[in-house]
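All chains should be modelled from the sequences, with the hints used to inform the complete structure.
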Amino acid sequence: MNSITTLEMMQSHHKKMKKAYSLKPMPSMDSRIQKLTSLRQALIDYSDRICESMNKDYGQRSTQDTLIADVLPCIANIDYSIENIAQWMAPSVRSAGALLSLSNVEVVYQPKGVVGIVTPWNFPIMLSVGPLISAITAGNRAMIKMSEFTPNTNKVLSDMLAQVFDKDEVVVVEGEAGLSAEFTSLAFDHLLFTGSTAVGRLVMKQRHKT
Numbered sequence: 001m002n003s004i005t006t007l008e009m010m011q012s013h014h015k016k017m018k019k020a021y022s023l024k025p026m027p028s029m030d031s032r033i034q035k036l037t038s039l040r041q042a043l044i045d046y047s048d049r050i051c052e053s054m055n056k057d058y059g060q061r062s063t064q065d066t067l068i069a070d071v072l073p074c075i076a077n078i079d080y081s082i083e084n085i086a087q088w089m090a091p092s093v094r095s096a097g098a099l100l101s102l103s104n105v106e107v108v109y110q111p112k113g114v115v116g117i118v119t120p121w122n123f124p125i126m127l128s129v130g131p132l133i134s135a136i137t138a139g140n141r142a143m144i145k146m147s148e149f150t151p152n153t154n155k156v157l158s159d160m161l162a163q164v165f166d167k168d169e170v171v172v173v174e175g176e177a178g179l180s181a182e183f184t185s186l187a188f189d190h191l192l193f194t195g196s197t198a199v200g201r202l203v204m205k206q207r208h209k210t
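So for the sequence shown, the UniProt record's numbering puts the first residue at 1; every next one is plus one.
These are computed hints drawn from the structure, not numbers from a lab. Quick caveat: nothing in here was measured; it's all calculated off a predicted structure. Backbone N, C-alpha and C define an ideal beta-carbon position, used for all residues, glycine too. Be careful, since some hints might not be right.
Derived DSSO-like pairs (lysine-lysine); straight-line CA-CA distance at most 27 Å [unchecked claim]:
| id | residue 1 | residue 2 |
| --- | --- | --- |
| 1 | 112 | 16 |
| 2 | 205 | 16 |
| 3 | 167 | 19 |
| 4 | 35 | 24 |
| 5 | 15 | 155 |
| 6 | 155 | 35 |
| 7 | 112 | 205 |
| 8 | 155 | 18 |
| 9 | 167 | 35 |
| 10 | 155 | 56 |
| 11 | 24 | 205 |
| 12 | 35 | 112 |
| 13 | 24 | 112 |
| 14 | 205 | 35 |
| 15 | 112 | 56 |
| 16 | 205 | 18 |
| 17 | 16 | 167 |
| 18 | 167 | 15 |
| 19 | 16 | 35 |
| 20 | 167 | 18 |
| 21 | 112 | 15 |
| 22 | 19 | 112 |
| 23 | 35 | 19 |
| 24 | 167 | 155 |
| 25 | 18 | 35 |
| 26 | 18 | 112 |
| 27 | 35 | 15 |
| 28 | 16 | 155 |
With beta-carbon atoms standing in for the labels, derived distance ranges [said to hold, decoys possible]:
| id | residue 1 | residue 2 | range |
| --- | --- | --- | --- |
| 29 | 121 | 163 | 33 to 41 Å |
| 30 | 22 | 121 | 47 to 55 Å |
| 31 | 163 | 16 | 18 to 26 Å |
In structure tokens, the structure reads:
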């Protein structure tokens with residue numbers, strides 16, 4: 001299992017991931033594609049376990065619902081990302097203006113660093129793996145805070161991601177609402193939140209403090 005369950009573990013691991021990113025801040029396109037391809041295969045390999053775990057967490061959820069709403073959109077997202085990653089990573093040529101008309105100006109797109117992903121209970125795979133795909137495509141590392149209401153799904157997700165990523169690349173965080181508040185206060189380079197407007201405002205206020 002590749003998950004973190006305490007505040008001390010979470011804070012310590014965040015520091016380790018920041019350090020790991022500083023040592024390798026610009027992963028190649030090939031390495032990103034390799035990770036995405038491995039994640040795609042893992043989703044297929046773990047699809048039965050994902051369906052079973054979500055059925056347990058919800059009391060009753062059909063295999064078809066989980067495949068259509070959670071698993072297949074992630075696979076499609078990976079395919080789309082692999083197809084377009086070269087274009088997204090390519091430098092963008094910009095005008096230098098009249099005074100610097102002889103200059104060449106480019107925008108070179110770089111990863112942000114360590115990304116935090118806050119996932120709600122209702123679509124725990126699509127709303128965790130979906131943002132993760134974007135983070136990996138952009139060359140980032142990620143910590144994923146899962147809902148405490150989907151413990152079985154959290155374990156399967158954690159096991160699945162451990163098959164694809166090193167622990168300083170991607171990790172799952174589990175815990176109650178109090179740990180979620182501490183999670184959003186970490187000095188992430190980018191934070192992705194899915195949830196209610198009310199909670200979103202609290203997250204935004206917490207982020208403003210950091």
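Here's how the hints hold up against the structure:
no.	hint	result
1	112 x 16	16 Å, holds
2	205 x 16	26 Å, holds
3	167 x 19	13 Å, holds
4	35 x 24	15 Å, holds
5	15 x 155	23 Å, holds
6	155 x 35	20 Å, holds
7	112 x 205	21 Å, holds
8	155 x 18	24 Å, holds
9	167 x 35	13 Å, holds
10	155 x 56	12 Å, holds
11	24 x 205	31 Å, violated
12	35 x 112	18 Å, holds
13	24 x 112	12 Å, holds
14	205 x 35	34 Å, violated
15	112 x 56	36 Å, violated
16	205 x 18	23 Å, holds
17	16 x 167	10 Å, holds
18	167 x 15	12 Å, holds
19	16 x 35	20 Å, holds
20	167 x 18	12 Å, holds
21	112 x 15	15 Å, holds
22	19 x 112	13 Å, holds
23	35 x 19	20 Å, holds
24	167 x 155	15 Å, holds
25	18 x 35	19 Å, holds
26	18 x 112	11 Å, holds
27	35 x 15	22 Å, holds
28	16 x 155	22 Å, holds
29	121 x 163: 33 to 41 Å	24 Å, violated
30	22 x 121: 47 to 55 Å	34 Å, violated
31	163 x 16: 18 to 26 Å	20 Å, holds
When the structure is compared with the earlier hints, violations turn up for hints 11, 14, 15, 29 and 30 and for no others.
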